[in-house]
Amino acid sequence: MKIIVCIKQVPDTKGGVKFNPDGTLDRAAMLAIMNPDDKAGLEAALRLKDQYGAEVTVLTMGLPKAADALREALAMGADKAVLVTDRVLGGADTWATSTTIAGAIRNLEYDLIITGRQAIDGDTAQVGPQIAEHLQLPVISYAQDLKVEGDKVIVQRQYDDRYHVVEAKMPCLITALSELNPPRYMTPGGIFDACKAEITTWGRADLKDVEDCNLGLNGSPTKIAKASDKVRKGAGEKIVPDSPSDGVKYIVEKLSEKHVI
Amino acid sequence: MDFTLSKEHEMARTLFKEFAENEAKPLAQEVDENEMFPRQTVDKMAKYGFLGIPVPKEFGGQGCDILTYVMCVEELSKVCGTSGVIVSAHTSLCVDPIMTFGTPEQKEKYLIPLAKGEKLGAFGLTEPGAGTDAQGQQTKAVLDGDEWVLNGSKCFITNGKEADVYVIFAVTGKIEKKGRIMKEISAFIVEKGTPGFTFGTKENKMGIRGSSTYELIFTDCRIPKENLLGQQGKGFNIAMHTLDGGRIGIAAQALGIAEGALERTIAYTKERKQFGKSISAFQNTQFQLADMATKVEAAKALVYKAAMKKQEYVTNNKVSYSVEAAMAKLYAAEVAMEVTTKAVQLHGGYGYIREYEVERMMRDAKITEIYEGTSEVQRMVISANLLK
Amino acid sequence: MSLEEYKDVYVFAQQVDGEISGISYELLGKAKDLAAALGQKVVAVLLGYNVKGLADSLAEYGADKVIVVDDKELEVYRTEPYAHGLASVINEFKPEIMLVGATAIGRDLGPTVSARVATGLTADCTQLDIGDFPLVAIPGKESEQKHNQLLMTRPAFGGNTIATIACPNNRPQMATVRPGVMQKIEPVKGAKAEVVDYNPGFTPDNRYVTVKEVVKAVSDTVDIMNAKILVSGGRGVGSPENFKILEDLAAAIGGEVSCSRAVVDSGWKPKDLQVGQTGKTVRPHVYFAIGISGAIQHVAGMEESDIIIAINKDEDAPIFDVADYGIVGDLNKIVPELTESIKKAMAEK
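Residue numbers (my numbering), protein chains in the order written: chain Z, 1 to 261; chain H, 1001 to 1388; chain L, 2001 to 2349.
Just so you know, these hints were derived from the structure itself, not from any lab. Given the structure is predicted, the values throughout are model-derived calculations rather than measurements. Be aware that one or more of the hints could be misleading.
Listed next, the in silico DSSO-like pairs over lysine-lysine satisfying Cα-Cα at most 27 Å (straight line) [what the hints assert, rightly or not]:
| id | chain 1 | residue 1 | chain 2 | residue 2 |
| --- | --- | --- | --- | --- |
| 1 | Z | Lys196 | H | Lys1044 |
| 2 | L | Lys2146 | Z | Lys2 |
| 3 | L | Lys2313 | Z | Lys258 |
If you anchor each label on the Cβ, the simulated ranges turn out as follows [to be verified]:
| id | chain 1 | residue 1 | chain 2 | residue 2 | range |
| --- | --- | --- | --- | --- | --- |
| 4 | Z | Ile224 | L | Asp2197 | 38 to 46 Å |
| 5 | Z | Ala29 | L | Val2214 | 42 to 50 Å |
| 6 | L | Gly2018 | H | Glu1021 | 45 to 53 Å |
| 7 | H | Lys1007 | L | Pro2200 | 34 to 42 Å |
| 8 | L | Ala2137 | H | Glu1297 | 50 to 58 Å |
| 9 | Z | Leu31 | L | Gly2018 | 46 to 54 Å |
| 10 | Z | Ala29 | L | Glu2092 | 46 to 54 Å |
| 11 | H | Tyr1350 | Z | Asn218 | 53 to 61 Å |
We put the CB at the ideal spot given by N, CA and C, even for glycine.
Please build the complete structure, drawing on both the sequences and the hints.
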């Protein structure tokens, strides 16, 4: 069995988000990590590898330093790594990103593609299903459990108040929730091997069956009209009421103002 | 000369830090309070190869270098001194001598399961009447047919009752050296469960309280002849070589404890308010922190240098790393004691209560000035080299 | 195909088990505003099996027209027949705007359909407006500024950044919208909409997965991450018994109880109710911090809440630094009285 796991390198928000003195986000001060949902997806793939001897290829699109996330995946036990990086691919929205990744995947053999449900920077949850669409594959999003039986996958697909047990024939695409599996750690030896391993690097020219008009900033249907790093919320009002009743009155007033009650 | 860490070491640091935070830290208080050996942490470390970091892959290890191993002990010790010493005693004091002096058969039988973490290792040199002075050894081994018969006891043995494989030193005869009659000492590999090998007192310690420190008792304990480690009579050299490596492990433990205490103190002084401002706004706090951080950094430089020197030994065994190891341990241990003491002081009353980790770190730090050669012994090693 | 051919504001009327999801009404409420700004109509797209009877309630909540795609294949949600259904409606009827709820269904259906009809999709929007793109015309290129565009505002990066996005060159302009943000209108009893039946035909292929089983959650543990209102207590509450007054408040206002780490460490409440760095990160609409001092680790887990109300007797408690409304006082007196006042206010409504 051949599995492709799509991963993304994202800034770490654990331990708080760092800000510049002007209130904007200090991306440089934050560690780059493998997106948590993607890591759970990778773990699912590695468990299938442990069980059935699957070959696991990790693939990412990003800046050259995204290779670090690929090395981490290799150090956890992935077999091969592909980095898709090219200036012309920058500034892509989910449409252009999924077009690019699908173009890269067309060069590879696979039975199963696993992506994370969503990345903690964009939170869109769109790229996984859109890759499936471009590749004309069945998609099962929000997987909280994954099993393989013969040429089929059996997935618990999570919804708000329920889950469906869904069966699909491979090849197919699954988007993983971080609760799917607690991911394993790297091993020290795995790290040393990963740092020596060769990472396949592809650019625009290596993408199969994609048109330039669908790539990068220019190929993105959505355009940013305005972006601002939200200024951190400061202190609001504070009152020292003369009596508890005054305090209560104040809260009720505010709640009605905000249409809470 | 290059002070930047390689990609490998950066990633390894991330790994060890994450593991320590997720696995060792949540148990650290319980380990200390209840003298609990953190078996579940050790099992996880085994699974991820932490018990065979500097061992070549052909022997079930990870094929990494000494610095990687040192960073593992350091990161674990930042959150749990007990976890740090368990890895250090296992790797430096049991895995290393078998890897260095073992026969191919011994490596096959013992090194592989030790490096894979299927078995845990320990080291028995110290006796009630013999610490660093190996000549005080009373434990005897007598060859009887195809077996060595061990009689005697060892004390203060880290991983004592939890280990499976022990490197044990015993007197195997007398030799004349420069006109003096000296005890001939040899090293042996003893397995847990061997008839005649039992455990004595469990020590109730000030710090590293989960590390299972026991007395080992040998009463007509018969082990196969082939479990002699290295040549007969070379035990003293093996012990000294092993302790040189062990000191790097303990130096890493001390470094980790100091770093852990410093990190917590920085966080605490930012949060704690007195007289309307954070105590980190007071110059006394700032200067104390500056001194602590500078010493920690200096200790780190010595510890990493010793690790590099031992690495050089691994590739070219003509090089000695005794002095580097002694300096690293001496300095890191004293820094650990000083930094943890200051950390408690900067925490004020909270520093004296159990909930605020630095109290435990201060107790854990003390042992690093004592075991595997006290600070005084390290000074002897260093000065002897200066004055030879 | 020119962009002008696309018109009207469409809403995917999500239903589960033959019941319209609340988000559908919220979307209709917003769609009404947008349609008014554009001088267009609100159209609901209802996909399902035996769901035609639901059209009237969509009309009552603001739909001028309801397109019903009714087919056995649509009985239980699956990406494929639904994506085919919605994409076919888009291709056939050509909406200017297509809104979908950012639910576990919409966040799967939306991206699939947008990729199929080759348009952009903005996820998890919290604000939608009609306006110009670019917001300010580029000097010398005033004629290139497009008017009457859907401007979609969404938080990203865990709410730390916020962006407004447009989709100027593709139609429909698609957005998924976060539940609980938009206001539904007061239903107009007896309102009727034009109902159009449409079935593009459903032929199962490899992309139709099989739903073997539907397992409804029977969990008695509350997921505080989904709560709209949280009444959170800290060590200042004083005892596990005293959490009763917080539970009463939560019951009165329709929220859930959560707590700080100190409370969990003291064994007063289970770990899954803990808010903070070592607990859960929550973003409710209203967060009451009661007897919580506001240690950094706690604040990190709740500072993205829309409205933070803190009650604490310590005037210098750091929680007041992040609270929108802070009340210095005795929680034992304030909270029970607040509960009564809220009950009264709710009863009046």
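The hints, checked one at a time:
1. Between Lys196 (chain Z) and Lys1044 (chain H) the alpha-carbon distance is near 26 Å, which keeps this suggested pair within the 27 Å criterion.
2. For the proposed pair Lys2146 (chain L) and Lys2 (chain Z), the alpha carbon gap of about 47 Å is over 27 Å, so the pair is violated.
3. A threshold of 27 Å between alpha carbons decides the hint, and for Lys2313 (chain L) with Lys258 (chain Z) the separation of about 25 Å falls inside it, so the pair holds.
4. Against the hinted window of 38 to 46 Å, the Cβ-Cβ separation of Ile224 (chain Z) and Asp2197 (chain L) comes to about 39 Å, which satisfies the hint.
5. Between Ala29 (chain Z) and Val2214 (chain L) the beta carbons are some 46 Å apart, a value that agrees with the proposed interval 42 to 50 Å.
6. Against the hinted window of 45 to 53 Å, the Cβ-Cβ separation of Gly2018 (chain L) and Glu1021 (chain H) comes to about 48 Å, which satisfies the hint.
7. Here the CB-CB span from Lys1007 (chain H) to Pro2200 (chain L) is close to 54 Å, at odds with the stated 34 to 42 Å.
8. For the pair Ala2137 (chain L) and Glu1297 (chain H), the supplied restraint of 50 to 58 Å holds, since their beta-carbon distance comes to about 56 Å.
9. At about 48 Å, the beta-carbon gap between Leu31 (chain Z) and Gly2018 (chain L) stays in the expected band of 46 to 54 Å.
10. At about 51 Å, the beta-carbon gap between Ala29 (chain Z) and Glu2092 (chain L) stays in the expected band of 46 to 54 Å.
11. As the Cβ distance of Tyr1350 (chain H) to Asn218 (chain Z) is approximately 58 Å, the hint placing it in 53 to 61 Å holds.
Violation of the numbered hints given earlier is confined to hints 2, 7; the remaining hints are satisfied by the structure.
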